[in-house]
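Chains A and B, in that order, are what the protein sequence lines are.
My numbering puts the first residue of the first sequence at 1, with every later residue one more than the last.
My numbering puts the first residue of the second sequence at 1, with every later residue one more than the last.
Just so you know, the hints here were simulated from the structure itself, not pulled from any lab data.
Everything numeric in this text was worked out from a predicted model, so none of it was measured.
Treat the hints with care, since some could be wrong.
Looking from chain B toward chain A, a few residues come up when the C-beta cut is under 10 Å (computed) [stated by the list, open to error]:
| # | residue |
| --- | --- |
| 1 | P41 |
| 2 | N42 |
| 3 | G43 |
| 4 | E51 |
| 5 | L56 |
| 6 | T60 |
| 7 | G83 |
| 8 | L86 |
| 9 | R90 |
| 10 | F104 |
| 11 | R105 |
| 12 | A109 |
Here a beta-carbon is modelled for each residue, glycine too, at the ideal position from N, C-alpha and C.
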Amino acid sequence: MTAKFSAITQLTLARLREFYREPAAVFWVYGFPLLLAVGLGVAFRDRPVESIPIDVVTDGPAGLAKAEGYAAQLGADPRLKLKLLDAAAARERLRTGKTGLVLTPTAAAPGWEFLIDPNRPDSVLAKSAADSTLLRAANPGLAAAPTAESDEVGGRYIDFLLPGLIGANLMGGGLFGVGFVIVDMRVRKLLKRFLATPMSRRDFLLSLMLSRLLFTVAEIAVLLAAAWALFGVSVRGNWLALSALVVLGGAAFAGVGLLIASRAKTIETVSGLMNLVMLPMYVTSGVFFPADRFPDSVQPVLQALPLTALNAGLRAVINEGAGWDALGYPAAVLTAWGVGCFLVALRVFRWQ
Amino acid sequence: MTHAIRVRDLAKTFPGRPPVEAVRGIDLDVQVGECFGLLGPNGAGKTTTLEILEGLTGPTAGEVEVLGRTWRRDPDGIRERIGISLQETRLADKLTVKETVTLFRSFYAAGLDPDEAIALVTLQEKARAHVVKLSGGQRQRLAVACALVGDPELLFLDEPTTGLDPQSRRQLWDVVNGYKARGRTVMLTTHYMDEAERLCDRVAIVDHGRVIASGTPAELILRVGGEHVIDFTVAGPGPGVEVLKQLPTVRTARHESPRDGAAAYSLSVGEPHRALPALLALLQQSPAPLAGLTTRTATLEDVFVTLTGHGLRDAEGSAS
């Protein structure tokens, strides 16, 4: 009898059934991250640099003839797309991003000057390309270093993105899967109804964690399989270490979700709180771009966020081929968040 | 054990500005095997009283004993033995009837087979239907099935038929009567007096957090003065209430708010065959003509109006 009607089993089954019978929920959890991965993977697929626009000023102090001479020399590099223009027009094109570099011929050595936008990578690249082409033209004997091209996977944007998406998915899943569900039950007075039965509160919370875990395994498997099939992204490190990290991440965010939901009385409140927690981490925790883009002064804060730690661990295992040794820091941060939130949540939890 | 529920000086004040005294000193004794009703308008304190008995809210003061146990000493022992249907619980939409009942069954150490509980509320045909597809009456029966699946000794129903159509109400009454027939105890709240008369062995009428009368429905009706009521309307100024009280076997007379210049009266009488001719004779001498007259059996509604001076449904928008 007891085995047939185990509360943990029934509560977990109920969560699974409710989820799989809700097509919208299934889409947001499985479809959306997949679409995001495909969309971003295609949009930011790596291509060789095909063209570098450079403007050569014709009305500079050294005159038109010299400008045409430089243009001819620069033409030796087929990637450089040259335009001969007056100074005002060329500056305007640089300002609006239509060209990367303005070259003005001068009388003094070395015979030209550059105008660049130091904040734009394409501008900096255009300067190096023009510089080296002109130097080679001036020194024809200089041999070009042999350059081989690597086509190995691992350094592309999709390789960077996938661990970030897995991390973001674990965060969203934990927060929604626990936080939203609890508040929904509270609003429906279902939590109160459960409380009026001999149901153990521990069983209830454990079943939420357990159902999250089952969803998570499926979610991550779908994402990894799709990334492998479409982009050839593979896990280079230890699969067991990856699984441990996923479980730990899922549990930590389930704890955060529980805390968020512990007192919220309406769906609106809990949605607001979840966005308040999730949006900053989407931006700062290295989902779409590395967290170290932010200034050093805020790094201690960013590095202590659960998603930053999780993403760092996932990247180390998936992209860099790390094993258990890379898990120390992420595991410490995630455990601290998970346990801390869970304990606080249990203290302040409003059952009805 | 003869008492299923024993309550002494129960009080509950909700903090706030100003604090709300929902319950102000209630005593109750519910015997094993009886169906006891708490009656009263919305906001009378019925639900608060019930939630204290169910262990969902703590009392501010007073003693509560449920099935010989107290919530402080043996909460799990009580929870294992009671079944509850709250007002407006929305069960999970996408679970089936059977899955929902099975889920509730899993919380109890012992109880009925889920199919058995579903049969008790005659939802067998809907066992595989999702909750979202059920009608209001079917959902309410499902809620009762969830309360029954732990095979409770004591069943709490908070306004079990509010908002249901007459057919669904009758089906639910059958379920409650079936449970009662097995010697179990029921405590319910309602603001439908007909429901109380149909189901309850004894009732307590609650108003403003106090019990203002209790007893069997028949006792209460007798206490107001008569089992029969004569309602009549005259088109214009009618006789005074004091005059009407002089008529034979008239116990009480109420003059209800006049509309369109007409005046409505309600008399509770012991013997209508004696009171009615005298009343008609009196009205023939009255200048205003008689516009309407009906006689009926007195109900708990009349008891409530007589005791409180206000209508039972004043506080609510509609009632069936």
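Hints, one by one, checked against the model:
1. P41: At about 22 Å, which exceeds the 10 Å cut-off, the nearest Cβ of chain A leaves the hint on P41 (chain B) violated.
2. N42: Where the cut-off is 10 Å and the nearest Cβ of chain A is about 17 Å from N42 (chain B), the hint is violated.
3. G43: This interface hint is violated because 18 Å lies over the 10 Å limit.
4. E51: At 9 Å from the nearest chain A Cβ, E51 (chain B) passes the 10 Å test, so the hint holds.
5. L56: At 6 Å from the nearest chain A Cβ, L56 (chain B) passes the 10 Å test, so the hint holds.
6. T60: At 17 Å from the nearest chain A Cβ, T60 (chain B) fails the 10 Å test, so the hint is violated.
7. G83: At about 9 Å, which falls below the 10 Å cut-off, the nearest Cβ of chain A leaves the hint on G83 (chain B) intact, so it holds.
8. L86: OK, holds: L86 (chain B) within 10 Å of chain A, min 6 Å.
9. R90: holds (4 Å)
10. F104: Since the shortest Cβ distance to chain A is 7 Å, the answer is holds.
11. R105: With a closest approach of 5 Å, the R105 (chain B) hint holds.
12. A109: With a closest approach of 7 Å, the A109 (chain B) hint holds.
When the structure is compared with the earlier hints, violations turn up for hints 1, 2, 3, 6 and for no others.
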